[in-house]
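J.: What follows is the residue order along each chain.
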Amino acid sequence: MNKIEKVKKIIINKPLKLDCGKTISNFPLAYETYGLLNEKKDNAILAFHALTGDQFASGINPVTNKEGWWNYALGPGKAIDTNKYFVICANVIGGCMGSYGPNSINPETNEPFGTNFPVITINDMVNAQYHLLEFFKIEKLFSVVGGSMGGMQVLQFVSNFPNKSHTAIPIACTASHSAQNIALNELGRQSIMADHNWSNGFYEKDKKLPDKGLAVARMAAHITYLSKKGLQEKFGRKLQERDSLKFSFDADFQIESYLRYQGSVFVDRFDANSYLYITRAMDYFDLIKQFDGNLSKAFEKSKTKFFIISFTSDWLYPTPENREIVIALNAIGNDVGFAEITSDKGHDSFLLDVPDFLNAVKNFLNNSYNKFNEKRI
Amino acid sequence: MKKEFNIIANLVEKNSKVLDVGCGDGELMKYISQNITDNIRGLEISKNNVQKCIEKGLTVVEGNAEKDLKQFPRSSFDYVILSQTLQAFLDPENVIDELLRIGKKAIVTIPNFGYWKVRIHLLLQGTMPVTKNLPNEWYNTPNLHMCTIKDFVNFCNKKKIKINSSNLNIKNIFSELGIFLIEK
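Chains as they are written, first to last, in the numbering used here: chain A, 390 to 766; chain B, 21 to 204.
Hint data in this document are derived by calculation from the structure and do not stem from the laboratory. Fair warning: there could be bad hints in the mix.
Stated by the list, open to error - Heads up, simulated DSBU-like pairs for lysine-lysine below, C-alpha to C-alpha not over 35 Å straight-line: (1) Lys23(B) with Lys204(B); (2) Lys392(A) with Lys553(A); (3) Lys90(B) with Lys760(A); (4) Lys204(B) with Lys50(B); (5) Lys191(B) with Lys760(A); (6) Lys124(B) with Lys37(B); (7) Lys430(A) with Lys170(B); (8) Lys601(A) with Lys618(A); (9) Lys397(A) with Lys617(A); (10) Lys204(B) with Lys152(B); (11) Lys553(A) with Lys76(B); (12) Lys618(A) with Lys430(A); (13) Lys152(B) with Lys692(A); (14) Lys467(A) with Lys411(A); (15) Lys430(A) with Lys76(B); (16) Lys152(B) with Lys618(A); (17) Lys764(A) with Lys124(B); (18) Lys617(A) with Lys67(B); (19) Lys37(B) with Lys678(A); (20) Lys90(B) with Lys529(A); (21) Lys692(A) with Lys618(A); (22) Lys398(A) with Lys553(A); (23) Lys635(A) with Lys429(A); (24) Lys392(A) with Lys411(A); (25) Lys429(A) with Lys601(A); (26) Lys692(A) with Lys124(B); (27) Lys529(A) with Lys180(B); (28) Lys751(A) with Lys429(A); (29) Lys76(B) with Lys473(A); (30) Lys180(B) with Lys751(A); (31) Lys392(A) with Lys635(A); (32) Lys692(A) with Lys76(B); (33) Lys764(A) with Lys22(B).
To be verified - Over the 12 Å line for every Cβ pair with chain A, so calculated as not near, a few chain B residues: (34) Asn26; (35) Cys73; (36) Asn114; (37) Gly134; (38) Lys137; (39) Asn153; (40) Trp158.
Positions of the beta carbon are idealized from the N, C-alpha and C atoms, including for glycine.
Next up, chain A with everything else stripped away, as it sits in the complex (with noise of 0.2 Å):
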């Protein structure tokens, strides 16, 4: 845990008043940055992260010294060219590396909130990485970039602001959180709230910690994030370690032990009460209702260029959902481009070395800042 104290954090004093009703203050938000700012400011790029990432985006995890959740897209000569660009990613509040959240201590009890800690949204999580922009005097971002719950972020950002950012790319997501994916989250809490050790959320009080539960909410989540396809391609029915069944319990096919391994790794890295809060937030997001049915009403303001993309695997966030987006903006005439990629790999095809996905985003980011500096001239 002192690995995460030492992480780059910002001290946000202004109260942010919360969608929950409730004001805090005083609050840290944990943040990385990539590359370097320009003297004209006009290279910075707001990414976001999704459900489980974090501000270590790129590189070498300080705090699990594994590689950043998006290697493949963020990084020098990449596809978000940290050469080029100067790269924020902070981590959500409610999340738990560094940032204000339920392991935060509570200055009355002086233990962790627990579940006393307010619920967040993904529009609270926006309104407080706005910090950024003034903590690095930046008058206007480049881009804001996410996938997921990332990509959520870049639509309320944008809702919320319309004028902070040059360009926006929403990936793998939606303006509205289907029934699905509220039940496929609701799954992942109440396994981590049938765990007796996550005792309504003060688990930290005795040390024992919910693990078991937090594993198997990982575990049927991991499932939701690949394709049928692709899980059938690269386990099948494959053994693990055997010529034949057992006829017992034990992970005798190789994609259970593959979930297994997922869990296990999971529960190092996360906190059970962030994954409650933070899929709560994702489950609230509704930006059509925000605008009373009309998504249209959410961009009305701005002028920033999107670039929308999906997957053709991806069952969780597929391809009409994000189409909704593009439909909205071009009602009212904004500029908007998309794609749907081709990928097995479902969901997370964002995070991983998808060709098609990243050379799109690359040239997306490349040809819109070209452009931007012509104009300027």
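Mind docking chain B on chain A? Use the hints.
T.: Frame of chain A, contents of chain B only:
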């Protein structure tokens, strides 16, 4: 650059707002954006072509013209371009109606089935014509609704669509391509 592109581009007014329906690899959009107006975007069904457009820095929406034009409001573009794809639609009449709803004007080009080489091919050989503009055999052509320049003119007259053809060469026998600037 194709001669056709030049003619189309010359029909577009400077700094107008343009949608290229079935924009292909974006060559026409690129030409128009560099020379006429940069307020141009495309709709394209082929993933490969969508990637090519993005490489060129063009705004493109992946989609199907027969389904996805309805998302654009009435008169949201000054010009809507449909270059040599009308004959490939299931319902060309509906596509033309949609073009003239979302565009103040539409520029439509068609491979002319009344072109003399096409006529002679059918007359003398007795088989479906294969030419430079119609390179496929009958069994693998994407073209479902071939027409001649005269057919298209009759169609417009019947639907009370105004053809502004002043700078067009639309002779039914001698043109391989028909290029029309139309409005409702």
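J.: Next, verify each hint and record whether it holds.
T.: Hint by hint, here is what the structure shows:
Restraint check for Lys23(B) and Lys204(B): satisfied, since their Cα atoms lie roughly 27 Å apart, inside the 35 Å limit. Proximity of Lys392(A) to Lys553(A) is assessed by CA-CA distance (about 33 Å); at most 35 Å being required, the pair is judged to hold. As the CA atoms of Lys90(B) and Lys760(A) are separated by approximately 30 Å, the hinted pair is consistent with the 35 Å bound. Taking the CA atoms of Lys204(B) and Lys50(B), the gap is near 27 Å; set against the 35 Å cutoff, the hint holds.
Between Lys191(B) and Lys760(A), the direct Cα distance comes to roughly 42 Å. Violation of the 35 Å bound is thereby established for this hinted pair. For the hint pairing Lys124(B) with Lys37(B), the CA-to-CA distance comes to about 10 Å; that is within 35 Å, so the pair holds. A hinted pair counts as satisfied when its Cα atoms are at most 35 Å apart, and Lys430(A) with Lys170(B) does not qualify at roughly 59 Å. Of the pairs offered as hints, the one joining Lys601(A) and Lys618(A) holds, with about 28 Å between alpha carbons and a cut-off of 35 Å not exceeded.
At roughly 40 Å between alpha-carbon atoms, Lys397(A) and Lys617(A) are farther apart than 35 Å, so this suggested pair is violated. Restraint check: the Cα-Cα separation between Lys204(B) and Lys152(B) comes to about 32 Å, which is no more than 35 Å; the hinted pair holds. For the hint pairing Lys553(A) with Lys76(B), the CA-to-CA distance comes to about 26 Å; that is within 35 Å, so the pair holds. With a C-alpha separation of about 44 Å, the suggested pairing of Lys618(A) with Lys430(A) is violated against the 35 Å cut-off.
Distance hint between Lys152(B) and Lys692(A) is unfulfilled; the C-alpha atoms sit about 43 Å from each other, more than 35 Å. Between the alpha carbons of Lys467(A) and Lys411(A) the distance comes to roughly 41 Å, so the proposed pair goes past 35 Å and is violated. At roughly 26 Å between alpha-carbon atoms, Lys430(A) and Lys76(B) fall within 35 Å of each other, so this suggested pair holds. Our distance criterion of 35 Å between C-alpha atoms is broken by Lys152(B) and Lys618(A), whose separation comes to about 41 Å.
Annotation: proposed proximity of Lys764(A) to Lys124(B) holds, straight-line Cα distance about 28 Å (limit 35 Å). Distance check on the hinted pair: Lys617(A) and Lys67(B) sit about 22 Å apart at the alpha-carbon level, within 35 Å; holds. Pair hint Lys37(B) plus Lys678(A) holds up; C-alpha atoms about 31 Å apart against a cutoff of 35 Å. For the proposed pair Lys90(B) and Lys529(A), the alpha carbon gap of about 34 Å is at most 35 Å, so the pair holds.
Distance check on the hinted pair: Lys692(A) and Lys618(A) sit about 39 Å apart at the alpha-carbon level, beyond 35 Å; violated. Between the alpha carbons of Lys398(A) and Lys553(A) the distance comes to roughly 22 Å, so the proposed pair stays at or under 35 Å and holds. This hinted pair does not check out: Lys635(A) and Lys429(A) have alpha carbons roughly 65 Å apart, beyond 35 Å. At roughly 30 Å between alpha-carbon atoms, Lys392(A) and Lys411(A) fall within 35 Å of each other, so this suggested pair holds.
At roughly 50 Å between alpha-carbon atoms, Lys429(A) and Lys601(A) are farther apart than 35 Å, so this suggested pair is violated. About 23 Å separates the Cα atoms of Lys692(A) and Lys124(B), which keeps this hinted pair within 35 Å; it holds. Among the hinted pairs, Lys529(A) with Lys180(B) is inconsistent with the structure: their alpha-carbon atoms are about 49 Å apart, more than 35 Å. Distance restraint check for Lys751(A) and Lys429(A): the Cα-Cα separation of roughly 21 Å lies within the 35 Å cut-off, and the hinted pair is therefore satisfied.
Using a Cα cut-off of 35 Å, the hinted pair Lys76(B) and Lys473(A) holds, with the two alpha carbons roughly 19 Å apart. Of the supplied pair hints, the one linking Lys180(B) and Lys751(A) is violated, its CA atoms being roughly 47 Å apart against a limit of 35 Å. Of the pairs offered as hints, the one joining Lys392(A) and Lys635(A) is violated, with about 43 Å between alpha carbons and a cut-off of 35 Å exceeded. The straight-line distance between the Cα atoms of Lys692(A) and Lys76(B) is roughly 21 Å, inside the 35 Å bound, and the hint therefore holds.
A distance of roughly 29 Å separates the Cα atoms of Lys764(A) and Lys22(B); the hinted pair therefore holds under the 35 Å criterion. With a least CB separation of 24 Å from chain A, Asn26(B) remains clear of the 12 Å interface cut-off, as annotated. Not every C-beta of chain A lies more than 12 Å from that of Cys73(B), the closest at about 8 Å, which undercuts listing it as non-interface. Consistency note on Asn114(B): stated as away from chain A, and its beta-carbon is indeed over 12 Å from all of that chain's, at 19 Å minimum.
With a minimum CB-CB distance of about 36 Å to chain A, Gly134(B) clears the 12 Å threshold, and the non-interface call stands. Distance check on Lys137(B): its Cβ is at least 39 Å (rounded) from any Cβ of chain A, clearing the 12 Å threshold; non-interface status holds. At the 12 Å boundary, the C-beta of Asn153(B) stays outside the reach of chain A, the nearest C-beta of that chain being 29 Å off. Distance check on Trp158(B): its Cβ is at least 30 Å (rounded) from any Cβ of chain A, clearing the 12 Å threshold; non-interface status holds.
Hints 5, 7, 9, 12, 13, 14, 16, 21, 23, 25, 27, 30, 31 and 35 from the list above are not met by this structure, while the remaining hints are.
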